[in-house]
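Residue-level listing of the chains:
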Amino acid sequence: MSAAPSYNFAYLDEQTKRMIRRAILKAIAIPGYQVPFASREMPMPYGWGTGGVQVTAAIIGANDVLKVIDQGADDTTNAVSIRAFFAKVARVQTTTHTHAASIIQTRHRIPEKPLHAGQVLVYQVPIPEPLRFLEPRETETRKMHALEEYGLMHVKLYEDIARHGHIATTFAYPVKIEGRYVMDPSPTPKFDNPKMHMSPALQLFGAGREMRIYALPPFTEVVSLDFEDHPFEIQHFDQPCALCAATGVYLDEVILDDQGGHMFVCSDTDNCEERRAQGHRGALAGHRLEAGR
Amino acid sequence: MRDGQWRDLYDLSEAERRLLMRTDWGFVHQNPADGLRMSVSAGANVGERLMAVGGRHYGQIRATATDWLGRVEISADRIDDQPRSFSGGMRQRLQIARNLVTGPRLVFMDEPTGGLDVSVQARLLDLLRGLVGELGLSAIVVTHDLAVARLLSHRMVVMKDGRVIESGLTDRVLDDPREPYTQLLVSSILQV
Chain A
1 MSAAPSYNFA YLDEQTKRMI RRAILKAIAI PGYQVPFASR EMPMPYGWGT GGVQVTAAII
61 GANDVLKVID QGADDTTNAV SIRAFFAKVA RVQTTTHTHA ASIIQTRHRI PEKPLHAGQV
121 LVYQVPIPEP LRFLEPRETE TRKMHALEEY GLMHVKLYED IARHGHIATT FAYPVKIEGR
181 YVMDPSPTPK FDNPKMHMSP ALQLFGAGRE MRIYALPPFT EVVSLDFEDH PFEIQHFDQP
241 CALCAATGVY LDEVILDDQG GHMFVCSDTD NCEERRAQGH RGALAGHRLE AGR
Chain B
1 MRDGQWRDLY DLSEAERRLL MRTDWGFVHQ NPADGLRMSV SAGANVGERL MAVGGRHYGQ
61 IRATATDWLG RVEISADRID DQPRSFSGGM RQRLQIARNL VTGPRLVFMD EPTGGLDVSV
121 QARLLDLLRG LVGELGLSAI VVTHDLAVAR LLSHRMVVMK DGRVIESGLT DRVLDDPREP
181 YTQLLVSSIL QV
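Quick note, the sequences are listed as chains A and B, same order.
Taking this note's numbering, the leading residue of the first sequence gets 1, the next gets one more, and so forth.
Taking this note's numbering, the leading residue of the second sequence gets 1, the next gets one more, and so forth.
Only chain B is shown next, with the shape it has when bound in the complex (with noise of 0.2 Å):
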């Protein structure tokens, strides 16, 4: 937790949880519909976070929005416009502010790049490993695409009905894959 203690998640309330998702964690949909609201604008989407931990200064909220659009590449004069009027590309980089905002410390992503095309695609990665290397902060990427884990992950497990079969360093899991359907995946990707 923020005040510095241990405390084990299956012990913790539902408040204190739900605190966590706004606060440290962050969640990332693979269908940026589902993670913003589509009906507020994107600098109310921005600040919700922080409104729900109390910000409660206009001036400051939509400035933190401002610098946070920028980071994420989206002009700041968009952020009264609503996302259903955004690009899927923009809609996702929307959603990973959103989640930014409060300085989570562990991001979770469900095939944030599912839907969008390569180079749209290329550009969020840029803008993932960059935000993640200057915020020092983990994210969990579930992902199906083995380039994107590759480029973007130091570690990788692989799930098969629900159980983690293999995972170690992405290059070892990646270069020499053990388990038969490790050895699937890998031998699956098409050679151009």
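Chain A with its partners taken away, still in its complex shape (with noise of 0.2 Å):
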């Protein structure tokens, strides 16, 4: 009697992920470039992170640590279901901490504590493509991005000053990468651009429906890109976390009631959870009831 049937490990077979650790190995080298690879189908629909999920299962080794986070939120459908595929699929640990994970997949937010040397992020891309809502031909748009004509990036800029007074585009914000490519950071907020500079992690990109991957290696320069009279700007909040009190961290909106009534809370749950650990306590964190009383 064999052993019952099992993954491959982490799910796709090894031919497969040879070759997306090959595009990978392209898009490091050529940094902001998007290499086209064959994507495969995944148990899950597109848009839920296909191409996210079969570079974090090209890259994982059994000794990986793994965390998902989706919007900033560790315990998400899309992070919970995906921590547990891995955890299935490849038998790795996870986690939710941000500083003990070796490979953290993103939808669409970098954590709030630095990334260090020898951590891999990888994000989710639904379009890849940034020039593609002026130029919708994908034959045009490669050859823009082969002769470096860039132009039409900046008529989207100036579209959104002429229409609202100040560059109104707040999410998947286009940056130039080294001086060359531009790239679109998938719809992370702009907020997040100025990590992704220098950076000492790896990050990855995976668009599965678009099949493209595209990465920037450690310290890469990322430049967003602006007017001189209309400087890039990240989004700036004027209240702290409700829960934790913490400044400069990016914040969502919780709607409490019908009235009006609504709270900011750290969109990096792990960052928030911490700082409530260690004792930091926002407006709404609500207080340990006095025994007896």
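Just so you know, these hints were derived from the structure itself, not from any lab.
Some clues are possibly wrong.
[Said to hold, decoys possible] As a list, the in silico SDA-like pairs of lysine to any residue whose alpha-carbon atoms are at most 20 Å apart:
hint	chain 1	residue 1	chain 2	residue 2
1	A	K156	B	A63
2	A	K156	B	I79
3	A	K143	B	V53
4	A	K143	A	M153
5	A	K156	B	D11
6	A	K156	B	V53
7	A	K176	B	V53
8	A	K143	B	I165
9	A	K156	B	H57
10	A	K143	B	Q60
11	A	K143	B	D11
12	A	K143	B	R37
13	A	K156	B	R17
14	A	K26	A	E221
15	A	K156	B	R78
16	A	K143	B	R17
17	A	K156	B	D34
18	A	K190	A	V223
19	A	K143	B	A15
20	A	K113	A	I234
21	A	K143	B	E16
22	A	K156	B	S39
23	A	K176	B	R78
In this text the structure is predicted, and so the values were computed from the model without any measurement.
Dock chain to chain to rebuild the complex, using the hints, since each chain is given by itself in its own frame.
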């Protein structure tokens, strides 16, 4: 009797993982360049992170510790199920702590805690082509990348200023890599753009439906596009996190009732929980009841 | 090229040819929708070439765009409107502004007045003639409207089946056509 059939390590077959690794190596060699790869069907719908999952499956090893976040949170459906998926098919350790993870797969956020060398950040990307909304032809956008014709990207920013008085793009804010390729940082808030610049961690981007992989090797120059008289700015919040009183972090608005009540809380749940464990208390954190009263 | 060198067009790389297309050359399409970005504002349409050659100052780009809209007789308060909301004549004038903003030296116009009614045509031709004289640019106009040709052009070539069959000064070709096809063309004009 043989053992019950099980998945190949990390779900994908070895040939597929090799193919993806080759694409990743090429992507690292040309920072910001979109490398086509033969994206596979995954046991999840497109738009749920098939690209990120394939990249993670190709690079994960038995000793890796995996963290998955979805809009900064460790405990939403997407994050929980991808973590469970890899715990099952690769039998790896998982964690919610940013500093303890060796691979962090993310959907649309970069953790607040600075990443360190040796960590890999894997992004799930819906539309890898930053020029797509202005130029629908793939043949043309590829040519524009090849010839470094990026005037069109500024047309979009111009439109923003003409309509709203300021650059109203707040997520998927286009960046230029090492003075060469213009890249879509996936729909992360522009708040996170400065974190990509000169990051000691390796950053990999996987777009499953669009079949593209691109990458930022550690310590890569990442510059957000802007105008001389309308420079790039990140979002600012005029109040701290309501739970952990953190400032200078990205906050989510949570609606409390139908009377217009709302609160702002950290989008990065791990950072928020850690701060609360250290004793930081926000305005709405609630306080332990006194014994006997 | 702008650096004063003579270059063979057929030896240029694609990157250089495309650079020419957005600096020293212009291309005015017959259908303005082909030559404009219909989903971005008029100002962005005019500014696109400036940004494509490295313009990164919003205020200056907008000032230049406003100036050019004025030159092609589009009022400045339409600068943030999309070309979708423009009439055919306005679109065509916007397309001309978009092409001329980088000061090209050669503009190719494919039936620029096709599809416009006669009064709009006349204004557009007037505008074109003014701009050509003022900016000292050369224009190649493709047209089958001989009246337009006579009004606008100094020289004329007649093409049939993809070949040039006759060329010369406009007046000479129109008043003394030599090829049978040209004679047919000229004699086919309706005399009112």
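Taking the hints in turn, this is what the structure says about them:
no., hint, result
1, A:K156 - B:A63, "holds, 18 Å"
2, A:K156 - B:I79, "holds, 15 Å"
3, A:K143 - B:V53, "holds, 16 Å"
4, A:K143 - A:M153, "holds, 14 Å"
5, A:K156 - B:D11, "violated, 34 Å"
6, A:K156 - B:V53, "holds, 15 Å"
7, A:K176 - B:V53, "holds, 16 Å"
8, A:K143 - B:I165, "violated, 37 Å"
9, A:K156 - B:H57, "holds, 14 Å"
10, A:K143 - B:Q60, "violated, 28 Å"
11, A:K143 - B:D11, "holds, 19 Å"
12, A:K143 - B:R37, "holds, 18 Å"
13, A:K156 - B:R17, "violated, 24 Å"
14, A:K26 - A:E221, "holds, 18 Å"
15, A:K156 - B:R78, "holds, 18 Å"
16, A:K143 - B:R17, "holds, 13 Å"
17, A:K156 - B:D34, "holds, 19 Å"
18, A:K190 - A:V223, "holds, 11 Å"
19, A:K143 - B:A15, "holds, 9 Å"
20, A:K113 - A:I234, "holds, 17 Å"
21, A:K143 - B:E16, "holds, 13 Å"
22, A:K156 - B:S39, "holds, 11 Å"
23, A:K176 - B:R78, "violated, 32 Å"
Hint check: violations occur at hints 5, 8, 10, 13, 23; the rest are consistent with the structure.
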